[in-house]
Every structure is written in C-alpha cells, then in structure tokens.
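Trainee: For reference, the chains in residue letters:
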Amino acid sequence: MTALADLAHPRQDYSYAFLDASAKRELRRRILKAVAIPGYQVPYASRELPIARGWGTGGLQASLALVGPESVVKVIDQGADDSVNAANLRRFITRMSGAATTTDAARASILQSRHRIPEERLGAYQTLVLQVPDPEPLRGVQSDISKAHEMHADSDYGQLWLLLYEQLVRFRQYVQGASYPALVNGRYVISPSPIPRWDNPKLHQTPSLTILAAGREKRLYTVPPYTNVIPLEFSDVPFQVEDQRGWVCRTTGAVNKFMNELPQSDGSAMYELSDSGYAEKLKNDLPTAPTYYDENGGFYHDGYLKPPVILP
Amino acid sequence: MLHVERLTKTFHVDHLGRDIPAFAPIDFQLAPGQFALISGANGAGKSSLLRCLYRTYKPSGGSAHYAAHAGTIDLATAADVDIALLRREELSFVTQFLRSRPRVSALEWVAEPLLNAGHAWDAAVESAGTMLDALGLKRALWSAYPSTFSGGEQQKVNLARALVYPRRLLLLDEPTASLDAAARASLAERLAAIKDAGVAMIGVFHYPQEVMHLVDHEVRLEGMTNDVAA
Amino acid sequence: MTATSNRPSSSPDKGVPVSQPARTHGYASLQPPVLTTRSPLLVASGLVKRYGRVTAVEGVEVDAYEGEVLGIVGESGSGKSTVLRLLNLQESPDAGTYTLDLPGLAGQDLFALDRFARRDVQTRSIGVVYQNPYLGLRMRFTSSGNVAERLLITGERSYAALRAAARESLAASEFPLDRMDDPPRLLSGGMQQRVQLAKALALKPRLLLLDEPTTGLDVSVQALVLDTLKRLQRERSMTIVLVSHDLGVIRALADRVLVMRNGRVVERGLTDQILEDPQHAYTQQLVHARL
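Residue numbers (our numbering), protein chains in the order written: chain A, 2 to 313; chain B, 103 to 332; chain C, 35 to 325.
Worth double-checking, as some hints may not be accurate.
[To be verified] If you want the ones that stay clear, here's a sample from chain C, every Cβ over 10 angstroms from chain B, calculated:
hint: 1; residue: Asn122
hint: 2; residue: Gln156
hint: 3; residue: Asn166
hint: 4; residue: Gly189
hint: 5; residue: Met225
hint: 6; residue: His279
[Said to hold, decoys possible] Pulled a few chain A residues facing chain C out of the computed Cβ check, cut under 8 angstroms:
hint: 7; residue: Asp155
hint: 8; residue: Trp162
hint: 9; residue: Leu163
hint: 10; residue: Glu167
hint: 11; residue: Leu169
hint: 12; residue: Val170
hint: 13; residue: Phe235
hint: 14; residue: Ser236
hint: 15; residue: Asp237
hint: 16; residue: Val238
Simulated from the structure, these hints should not be mistaken for lab results.
Remember, predicted model here, so these are calculated numbers, not experimental data.
Each residue gets a CB set at the ideal place from its N, CA and C atoms; glycine is no exception.
Build the full structure now, drawing on both the sequences and the hints.
Mentor: Now the structure itself:
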C-alpha cells in the first residue's frame, strides 16, 4: 500500500528556496517584464529576508527566484568568493535550494555578485545577478523619484548629459568612477550598479543574461542577452576604463585584468587580481575560459573602447 | 500721393469727462515732390494733424488716402501692422524731441533705419556719417550718446535719422526749433534736395519764411475755440 | 502755392462739425492688413485661463508678425504673465487655440499637442527669459552648461560643438566669455539675464518670450540689456513678445502693444499711439501715471 508519505514531499520548514510560491511568481514575472523592456526599472514587491536591507536582498531574491536543484551557484563580493557576505549568501542559497556551488565562473549557472563582473566571459544560459544599492541613475540630478520616472518615460536625459559636460569643463575628463551611467538598447539609461568602469563594457552584447536588482529600493532591471549597452560619452571624448597599465598581480603575475591596489607601509603599492576565482585557476594552472580583456588590454568587442582624447 | 478728406481728431479725456477737439475737418492733397506747410496759431492743432497722419494719434473721422508702393491705403483706418510697415519703408516723422535708447551712439542711432532695412553695418554707418556731416554735427560727438547732447545737437541727430533712409513722405514737426541760422539754412538745402528727388513733405516750421521758397501748398488751421463736454 | 483752411464755413455750432457724433475719439476698429501680405507668425485666440474661482485670462487674442516686438503691458494681476506662460506651452488654457506659422507646425493648435511634441516645440521653436533667473537657469551648473543643455536635449553629442554653440550664444548676448564657466549664482542680475538670453537663443528659435526681463535690474544695466535685445531682434529677425509693466521698456523695444487689465485686452495699437493717444480710460490712467 502506498502511504501518503511516499507521495508527498518530505516535510520542510521552509518553502523551496525560502520564498513562497507567490513571491517566486512575483519575482519571475517582474524579471520577465524587465527582460522584455531592456533597462527599464520594474518595481516589485520586495520580500523580507533573513538579512537586512543593504546587504544584497535584491540580488538574493532574484537568485532565489531562479535557483533550482540542478543549479550551480557562485557568489562573490568585490570579486572574492571568500568574503564573509558572499559566503553567507552562498550558504543560504544552497541550504534553501540544495543547489551545488562553485568558485569557477565558467561552471556557474547563477552568479550573484556585489560590485564586480568576473574576468572570464560568461556564456549563454549563464545568469549574472548584480546587487544594486541605488537603481536610479538620475538620483544626482533629480531627487524626486516621480519626476525621475517621467524623465525616463520622456527619454529626457539632458540633465545627466549636462552632469558629464560639467565634469569635462571642471576636470577635463569624466570623473564618474563606479556606477557609470549607460544607455541600454538605445532607450533607457541605467546605473549598472557600482561596478568599476572596467566592468561596464562587459554588459554589452553578451550571450548571458544580466539581472540587476535592488531590494531596498524595490526595483529590478535587466540587460538581456545580445543587447547594446553604451556608456554615456560625447562623440569626441570617449569613455575610458581605469588606467591600470603596468599593474602586475603579485600572486599570479597576471596583467591587464582588474586589480585591487594594496598600499604598502613604505608608500608603494602592490596589486592583486580582484577576481579571486580566476586567480585561483591561474595559481593552480587550471584551464581558464576566454576573458573579456586579452593580455594586451584589448577588449574582445573591436572598436568598442576608443583611445583617450586629451582636452585642452 | 496723399489725399486728406475731412480728417478730424477729438481727444476724449476720460477722467475729465470731456471731449477736446484738436482740429476741425481738414482737406488737402499732395503730389510727390510737393511741400505742404501747415500754419496756424499755437494750439490750432498743427502737431496733432501731423501725428494723425503718422498715426501716433488715431484720427476720429475722415480719411487720409496715401498711395503707397503696394497700393492706396487710408492711413486713418489702416491696420497697425500696415502702418508699421509704412513707417519702416515710406513714412518718416521728425520732431524736435529725441527719444533714443540709452546706450546707443549718435552714429548708430542715425544708421539704425538702414540697419533695420538690412543694410550692412559698414555701409549704413558710412551713410550715417555723411548725413551727420551734412547737418553739421561735430565728428567728436558721433560716438557719444545723444541723450547728453544739447537741444540743437539732438535735433541734428533726429533729422539725420529721418533723412538717411530715403522715404516717400516726410512729416516734419518744428524740425528747426533748436537750430542756429546756419544749421537751419543747411536743412533747407537738404529739404530742397530731397524735394527734387520726389519726396513729398508736410511740415510745421517755427520760421516758415526760411522754407517758403519750397512750399507748394499751405494748410491753415483755424483754432478750435470751444471744447465740448462729453 | 495754394492755400486751404479748415475754417468751418456754415455750421451752426462754432468749432464742432455737424457730421460727427458728440463724443468721439479715434476710430474704434481698423481695416484688416492689406500691405502686410504675410500672415502673422503667432496667432492665439480666445485664451481663457482660470485658477479656481479666479479668472486670470479671459477672451484674449494675440497676434505677432515676424520680426516685430509685441509688448504686453499691464499692472500686477492683469494676466499678462499668464498669457506668456500659455504662449510658452507651460500651462494648458481652459479655452483657446494657439498656432505658430513655422515649418511643420502650420495650422496645428499647439495646445492640442501631446507631451512629446509640446516639449519639442518648447525646446526648438520658443526661447523664454523669465523675470526671476532662478526660474530659467540651473544655478548649480556653469553658465555655458545652461546654454549647452538646450543642445543636449535635442541630441547634440559633440563636446566641441557644445562649447562652440555656448560661446556663440553667450557672445551674442554680450556675456563676457572669460566667465562662461562661472555658475550663474556667482553673477550679477544683469549677467544672469544675459545667460538666460543666451540659453533662450541657443537653438536659434523664431519666437522669443520675455517676461519682465529687466525688472529689478539697475537702470544702466537695463539699458544694456534693452540694447542687446534690439540688436538681436534686428540681426536674427526674431519675433519677440515682451511682457512688462515698465512703459519705458515698452517704448524702447515694442512696435505694437496690448494693454491688459483684469485678464482682458482693453486696447491694442502702435506703441507711440498707445503712449501718446491712449483711447481706453484705463490706458489713459496707466500712461498718465508715469512719474
């Protein structure tokens, strides 16, 4: 005789992946809407989680909505898998879903990241989830969110361009460091989260899906696969990534990949690869996937990055 | 060129509740190159008549048919924009009072009608200089602001501005009031010259004898002895 | 030499012609334009605007021909600033139509445009200078940035082009170029108005709207600004609608004038006629009240 216990799922104290069915449905529908309108900030009902706002609840909700038993999850914080926050999030996701984990970007199906995109190129069916503190690129020029919403609707980004113009007038270069605004699919301007300028180009025309979610602000937006993402730049003053020429990673000897700068007590600096998963592979002589930037610092999309223009 | 028929003007001053006639119905005609002198006692309405023709005053009745370049038009009832057009192109009014803009030099003020008509700066300023020279304004004053000038000097600037751009009908209201004899003679010469060129003129003169040799027609205004309560 | 006299020959009342009605002043209505063959650039008809129970503008007609300066004069509360806001498409009227005879817009009631088309007209075809520079300028940004923003809105993406256009516009407004990157909050009132003017002119609009542009400025500065406006109008053949309560400014700049009172136009005419032969009782009061 078949017992009810044989037919039913084992008793759980939590829903699968922590979120209840309606929460998962909400998030998945919102993500689909965001995929349908690249760069458009979709408001969503952001759920309470066992971590506080400001610690990655947006990214976590996106990951929990997508994770399944077959998923392979990688979580990084500023490029490091071993940071406390990344470790906590990774453990939570896998405990709630039974998914596998990895530090290898090439093997992960879901990568949740705070403020960095890995050096190895992501492929089709890989999903990058970026944690976003402030989704609104117009915050600096328009603090009223209803007016900012209208500006997005009208494609009225004049003030944002004015901000860049002023930077060129005052400093003769763009001084926007992280969260450099970018135009998605020729329509909406997004804040790509506080990733360094180095990582901005990686969003452009990639086979992978990028989801950017803000838990506290309750908005999410995406860059679908093979979508144009162009940082705002004047036609005669091109966008530039951080100048790290000559920086060599002290542990792996790698060059032309994004480095953390480690100031030394004598005033000099040492450099270290920010992407710890990639560094680990190099250290152990493991095969690496093709990277966005090659050994000479060239970006894999030709012509996307242009040589700098010095203003008088 | 100009056919004035029973033209009248009455002022209605609201707070006094009175009507004040400026002049009784007037008729006269003027052909190109003719000079009409308006005479009459003080207060007879000579200035008012000129102003009615220029439309600074709105006539109360009658008509003033003028053969403009583009067709005949009644100045008394013409649309404001048409009058503005005529003032730019064909009509000119000279008073003894100067009303320039504060920071404009005498030379630029005189050149302005030419500039407004689209002439190049250099050519306009040169013509303005020639005119000021002919009227006897000291060269040193050309770049100064006319509001600081004496009455006579302002008068010369006024005249120069009116004469620098060729018109078809010139209205002159006491144009020689503050000028000395030499300057008055110089003006009479200028007027004779433009009369020969076919310009029609209507003027009120303080010393009519100086221009009597140019006058074809005298329009005498009788004084209005009554004003009528409204 | 012939002589005529206007001595009345045989009328019973000495000095008063029989044929005229007892109480007259100037012709009340004039002919339609015949010499001026082009239709006006700006035509606004039947403008009505209410704020709650207050009627700010009632049945106002405005027309302005290309290349002329139309003055709108009136005291506070006359509705003249409201008319300007309507002409700038900042507010929608309760009734009325508004057309500009410009390429692509002829025959279109601008009040009926959708928000995108309206913004486009406001940006490209109309320039506005406010009495209060804080309304018209972004005080935190540079003066050149204020001007450049107009081009940025229309999609200009070359930094060099933006700098050149800002220079050209500021120079045309007689603004000293060595201060072009100073923020307006550091400038004097007259300079701020010049930045507003440069911003209004940046995209070379055909229509310029000025709301009390020199009110509050020193007299000498006023003179400079007026002179700049006159020169610009002549050089660029712009149509200007100038709202002011200052009759001196009106006399210096305007070709024709509308006199407004309590939301209505009480009189309209050539500037010198309005100032020297005002017909309407209110206009007479206004003109005679000048110090």
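Trainee: Each hint should be assessed against the structure and marked as holding or not.
Mentor: Hint by hint, here is what the structure shows:
Listed as a non-interface residue, asparagine 122/C keeps its Cβ farther than 10 angstroms from every Cβ of chain B; the least gap is roughly 23 angstroms. In this structure glutamine 156/C is separated from chain B by more than 10 angstroms, as the shortest Cβ-Cβ distance comes to about 26 angstroms. No Cβ of chain B comes within 10 angstroms of the Cβ of asparagine 166/C; the nearest lies about 24 angstroms off, and the non-interface call holds. Non-interface call for glycine 189/C relative to chain B: holds, since the shortest CB-CB distance, roughly 33 angstroms, exceeds 10 angstroms.
With a least CB separation of 16 angstroms from chain B, methionine 225/C remains clear of the 10 angstroms interface cut-off, as annotated. Listed as outside the interface, histidine 279/C is consistent with that label: its C-beta sits roughly 19 angstroms from the nearest C-beta of chain B, beyond the 10 angstroms cut-off. Interface hint status for aspartate 155/A: upheld, as the beta-carbon distance to the closest one in chain C is roughly 7 angstroms, under 8 angstroms. Here the hint on tryptophan 162/A is kept, as its CB sits about 4 angstroms from the closest CB of chain C, short of 8 angstroms.
Taken as an interface hint, leucine 163/A checks out: its beta carbon lies about 5 angstroms from the nearest beta carbon of chain C, inside 8 angstroms. Checking glutamate 167/A against chain C: minimum C-beta separation of about 5 angstroms stays under 8 angstroms; hint holds. The interface hint given for leucine 169/A holds, since its Cβ lies 6 angstroms from the closest Cβ of chain C, which is under the 8 angstroms cut-off. Interface hint status for valine 170/A: upheld, as the beta-carbon distance to the closest one in chain C is roughly 5 angstroms, under 8 angstroms.
At its closest, the beta carbon of phenylalanine 235/A sits 4 angstroms from a beta carbon of chain C; the interface hint therefore holds under the 8 angstroms criterion. Below 8 angstroms, beta-carbon pairs count as interface contacts, and serine 236/A has one with chain C at about 5 angstroms; its hint therefore holds. Because the beta carbon of aspartate 237/A sits about 5 angstroms from the nearest beta carbon in chain C, less than 8 angstroms, this interface hint is met. Among the interface hints, the one on valine 238/A holds; its C-beta lies about 5 angstroms from the nearest C-beta in chain C, closer than the 8 angstroms criterion.
When the structure is compared with the earlier hints, no violation turns up for any of them.
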